[in-house]
Each structure stands twice: as structure tokens, then as C-alpha cells.
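Enquirer: Here is how the chains run, residue by residue.
2 protein chains.
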Amino acid sequence: MKSLPNVAIIGATGAVGQVLLQLLETRSFPLDSLKLIASPKSDGKTMIFRGQTLRLEPLSESAFDGIDLCFFAAGKEISKRFAPIAVAKGAVVIDKSSAFRMHPEVPLVIPEINAEALKNHQGIIANPNCTATIMLMAIAPLHRKHRIERIIVATYQAASGAGAEAIEELREEVRAQVEGKSYSRKIFSQQYAFNVFTHNSPLFDNGYVDEEMKLLEETRKILGDPEIRLSATCVRVPTIRSHAEALNIEFQEPVEVEEAYAILRSSPGIIQHENREKGLFASPIDAEGRNEVLFGRLRKDLSHPNALEMWVVGDQLLKGASLNAVQIAESLLTL
Amino acid sequence: MKSLPNVAIIGATGAVGQVLLQLLETRSFPLDSLKLIASPKSDGKTMIFRGQTLRLEPLSESAFDGIDLCFFAAGKEISKRFAPIAVAKGAVVIDKSSAFRMHPEVPLVIPEINAEALKNHQGIIANPNCTATIMLMAIAPLHRKHRIERIIVATYQAASGAGAEAIEELREEVRAQVEGKSYSRKIFSQQYAFNVFTHNSPLFDNGYVDEEMKLLEETRKILGDPEIRLSATCVRVPTIRSHAEALNIEFQEPVEVEEAYAILRSSPGIIQHENREKGLFASPIDAEGRNEVLFGRLRKDLSHPNALEMWVVGDQLLKGASLNAVQIAESLLTL
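These protein sequences, in sequence, are chains G and L.
Just add 216 to wherever you are in the first sequence, counting from 1, and you've got the working numbering.
Just add 216 to wherever you are in the second sequence, counting from 1, and you've got the working numbering.
Derived by calculation from the structure, the hints in this document are not laboratory data.
Careful: at least some of the hints might be erroneous.
Note that the list lumps identical chains together, so a pair holds whenever it fits in one copy or between two copies.
The calculated lysine-lysine pairs, modelled on DSSO-like cross-linking and capped at a C-alpha distance of 30 Å, are [to be verified]:
(1) K494 to K296
(2) K305 to K402
(3) K494 to K292
(4) K251 to K516
(5) K397 to K296
(6) K257 to K361
(7) K397 to K494
(8) K305 to K361
(9) K516 to K494
(10) K335 to K361
(11) K305 to K516
(12) K296 to K361
(13) K292 to K516
(14) K261 to K402
(15) K494 to K402
(16) K257 to K516
The model shown is predicted, which means the values in this text are computed figures rather than measured ones.
Only chain G is shown next, with the shape it has when bound in the complex (with noise of 0.2 Å):
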């Protein structure tokens, strides 16, 4: 890829977007021109990218005409079409959905843990799920000095990763039951405010949804390790746009809690957070907004012997979602 791209964002009215955007502009990332593609209901908008104003332009097979390098942020279905077609025209795709993730020839990359898969792609990266990067940016480090094979993870994560309108109706139908009125639910088929649920993602025959199958998945292909075993529990709670989770983590042999705060507190992105004295360990509202996942909690397995429990807390939108497909495209800069 040349050294100062022209740039596309796929996407760009949405909470991934607006992010994505955000983050080019304050991270200087260099490129030469910036094109804003979003759906036909943004027609005639525009957003401000370094004091310019940028119309908003439909999406078509011309738009990646010239284009160096695209961040896909509009769901599944508009990456399967037109990802292909952005490659045939000659640009590197950093895609957020899940359409091309475990396809083979595919890197699915968190840099910090395995930005060498960068080197080999054809043309589409793909961005890990978002509660699979913030469990791998604390699991990564550990299983490479003390190998693990069995982890145990319940989610708690938070209405950005459904999109801004799910950020929205969770704010609206809060703001609705505080004021004792109705609402009517768009994007939710059960009530958020005040509640939790299982991840709203298909559910499997084999009692699993789609998001706990990915963060399987997915780890085993950040890891390169098709032997670690894992089983998640994806909830979904009322928060805006952190997510947390409770990871159970069984190593092949004991690991000292101080040994495992060592290698993380020595390991990139990520941060220890908290204070044992007041009792106080890391929220989602500690990490908005904080290029950081927080991780703190590390303590014994009270059942078993080779397993330690860990608390991490991670901004969805930062290096759950934008953020690390900023950093994708800062490591292809440097290759």
C-alpha cells in the first residue's frame, strides 16, 4: 500500500464509523483522501474530518474507484458484496463484520498479539468480534509464557456492540420506564432498561448463539491454537458502550497470581486497573473511552489447582471495534 492512502469508510453514520473517524483524525493517521460512505437514508449529510466538511456518499462498485484502503463498518451482509469488489479494484479491506473472519485466507489480526498474519493477506483483514479482542488482549500474553487450555468466560456486555441504535433505545427506553411512559422496542426483542439477556445473536442447535461460537472460534485463530477449549455465556446488560467479562482461565500447570500480574502488567494495551484497598476494580464506565482494556481481579481458582480468575473491562468501540482497525491499518503502513 502506498505511504499516504486515499481511504474509504464503509459505514460511517454508524457507532463504529463516527469512531473510526474520530480516531484517523486524532491518531494523524496519514492518508490523502478520506471518502464517507453511508446508506441512502444519510443522503446529503456530511461530517467534519480535520476542519473539512465531507459529504456523505451512497454506496456503489464506483465508490472504490481509486480507493488504497477501506474500513467496512455496515454489517455482514454489505461486507460479503462489496468487500470483493473493493479488493478487485485494488484495495486493502479492513473489515469489522464477521463475514470473512475464519475463512482461511483471511488474518484475523489484533496487533499486539499476531500482527505477523498481517503479512499474508490477500486483500481482506478482518477485525476480530469485540469481546473475543478484549479477552485476548489479557489471555494472549499468559498463554504465551504458560500455555492454557480451558477457559470459562461470562459477558456482560453493552448496547454499542448491537450499534448506535441500540445505543439509542436502550437510552430511550430508560428514559421512558424513569418517566413511567411506554416504548416501543426497534432493535431489541426484550426489554433492556433494567434488565439483562442473553446475546441477541442466532441461537445454535447447540444451545449456544452466535457470539459465544465466535469467541471459540476466534481465539483459536488470534492464538494459532486449535486445541484451546473454551465455553462462553453472552449477556447483555444495560450499559452504553464498555463491555466486561469474568474469565476462568486453566493453565496447563499452577501460575502464581503475582506471576500473572507481572506478564500483563508487562504486555501492551493493556492496563491494570484497580484499588483492593477501597475494594474498587475496574467498571465499563472506567473504561469508556480508554484505548486500554482494564483487567485486575486475578486471584486463585478456589476449585482448581492450575486455574486462575481475572476481571476485563474493555471499550467495545475503541479496541473492541475502531480502534484495533486503525492499528490493523497503522501495522500495513509499516510492513
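Dock chain L against chain G, hints included.
Expert: Below, chain L alone, put in the same frame as chain G:
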């Protein structure tokens, strides 16, 4: 105990006390008289029971004169100080607090599971921790059929577990957030609106909070199995009065999902609640106001041949607290 006892509720105005009062009425609990005891700040206030206006009385040693049965729901310190006094004056105490739960001479009872433990009581009977009760309602029937060796649990706990003022704090903080106003918390030290945080009970040196250790200790006592292993992560989520729990249950041998469903479907006090076609599972809102613990999402743990995953939800103020206490009292009357 005589068949028409004189009953007292200590802590009648609290979240648990209010629901206790409702249950004694709706379940037509046989009693001769009811005395409502509350803190001095409720002086002069009244509550209605079976159409009668009862004046709240202050707590004192003489308040227990003539009382046959007391429900203590005013916190651990009040129980520690006054439960022995009530017993010395001839009353049987059913204590919601953790004050006496692990005392070897105090039965810790969930009537559906270990009613037989009531027979040896010495005056005080402990009501288990709400999170433990909700979990054990689904765990005990399985354990009886196929020995459970290990449980890993992550919880999604409601405001009600921290009392009526915590529910109020959650509602008011959410209202302030929605209206863009500031709010000064009194109960919790972390933002609760649109947030989740580690359970606010004291932190021990082993990295677990008190609530998590209770889950282990009370599980062992109630199941009468000092060998069962358990590791917990307890998390407060912004819901009002139902706790949800993600359970990973490892048996001594493989157990089929359909057999586990069949065992639980024929067990008292729990109900399967799920619609797999629509991908809908029990949520805290579904459990609110229901006596039964809702269970579902049984599935083979993808990471262990002997383990199942399960999801349970129960009303913290009903089976988690007041209902179980009233059921203990009902069991005592038929002893």
C-alpha cells in the same frame, strides 16, 4: 411452636421486610398476632396487614416478650445482638442475615433442598444468601442424581440485594443521568447507572469478595457436601430485584442435556423458561414477582466432557430472601 404463633418482623420497612409482610398476607400464614419492628426513623409510621393498620414499634429487648416466631431482616449487626435475646425469651428466629449461617448448630435451610435440617434447630434458623439460594434451587436436584464436583459461577445481581435504599439509588441515579443532572450516591461507591461493578461486599486477602465466599461456604453446608468445589465472580448490574447467574457445572461423569432438563423439570420451585425458536431466555424482568427460579440454556460445555452450562434467574426478594424465610416458617409449623 404453637400452631398460631405471635409473629414479629424485625426490619419491616426494608426491601425484604416489606415483601415478608406481603407474603404473610397472601400466603395466609397462620398467626395469632403480628408485630412490626423497625428503626427509630420509622417511629409513628404504620403499615397495613390484612386490612389492619399496624404501628411500627422500635427495637428493644422487651419487644420480644410473648413472641413465638421472629423474622430478622435488619442486617447482620442487629441479628447478632438481638436474635439470641429473642431465643432466650422463647422465640424461634428465622434470620435473613449472614450472622449465624455458618454456625455449626444453626440450620441453613432451603426447604425444597434440606428441610430435614430444621429438626435439630436450637432456636435460630438461617436463611441463605440470595445468590446461593437461586443457584442451589437448580444445582441441588442435579447433584442428588449425578454428583457435581465443581461449579464456576458468574452473577448478574440486582440492586435489591443491597436493600430498598439501593433500589432507590439506582432509580435516582439513572433518572439524573437521563436528565443530564448530577447525583450524589449514598450507598455505592461506584456509578451504578449504565454500569456494572464487582459486588460491593468486603474484599478478602484471597482476592474474593464476601459474597463470593458465601456462595462456596453455603453451597457446601446446604448440600451437606464439604468436597464440592466452587469459584465465583459476583457482579452488581443495574437491575431492580432479580439475580441472574451463569453456571458452569462439572459432574463426576458426563450428563446428557436432556436428562438434566428432565431432572429439573420435575423439581419443585423451579421452572424452565426459554423459547429457543425465538432465541429468548429468562431475564430478570421475567423472574420479577415470581416465586419460582427460572432456568434454561442447558447445553454441553464445549470445553469439558463432564460439564454443562446453565442460566438461572430468580427474584432476589422472593425465593432469594422473603419467600424462602416464610417457607422455612411454614415448614416449622408442620414439624
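Enquirer: Now look at each hint and say whether the structure bears it out.
Expert: Verification of the supplied hints:
no.: 1; hint: K494 to K296; verdict: between (49 Å within a copy, 26 Å between copies)
no.: 2; hint: K305 to K402; verdict: neither (37 Å within a copy, 60 Å between copies)
no.: 3; hint: K494 to K292; verdict: between (44 Å within a copy, 21 Å between copies)
no.: 4; hint: K251 to K516; verdict: neither (50 Å within a copy, 47 Å between copies)
no.: 5; hint: K397 to K296; verdict: neither (40 Å within a copy, 44 Å between copies)
no.: 6; hint: K257 to K361; verdict: neither (50 Å within a copy, 58 Å between copies)
no.: 7; hint: K397 to K494; verdict: between (38 Å within a copy, 26 Å between copies)
no.: 8; hint: K305 to K361; verdict: neither (42 Å within a copy, 62 Å between copies)
no.: 9; hint: K516 to K494; verdict: within (20 Å within a copy, 38 Å between copies)
no.: 10; hint: K335 to K361; verdict: within (24 Å within a copy, 54 Å between copies)
no.: 11; hint: K305 to K516; verdict: neither (53 Å within a copy, 45 Å between copies)
no.: 12; hint: K296 to K361; verdict: neither (37 Å within a copy, 49 Å between copies)
no.: 13; hint: K292 to K516; verdict: between (39 Å within a copy, 28 Å between copies)
no.: 14; hint: K261 to K402; verdict: within (23 Å within a copy, 45 Å between copies)
no.: 15; hint: K494 to K402; verdict: between (41 Å within a copy, 16 Å between copies)
no.: 16; hint: K257 to K516; verdict: neither (52 Å within a copy, 44 Å between copies)
The structure is inconsistent with the numbered hints 2, 4, 5, 6, 8, 11, 12, 16, although it conforms to all the rest.
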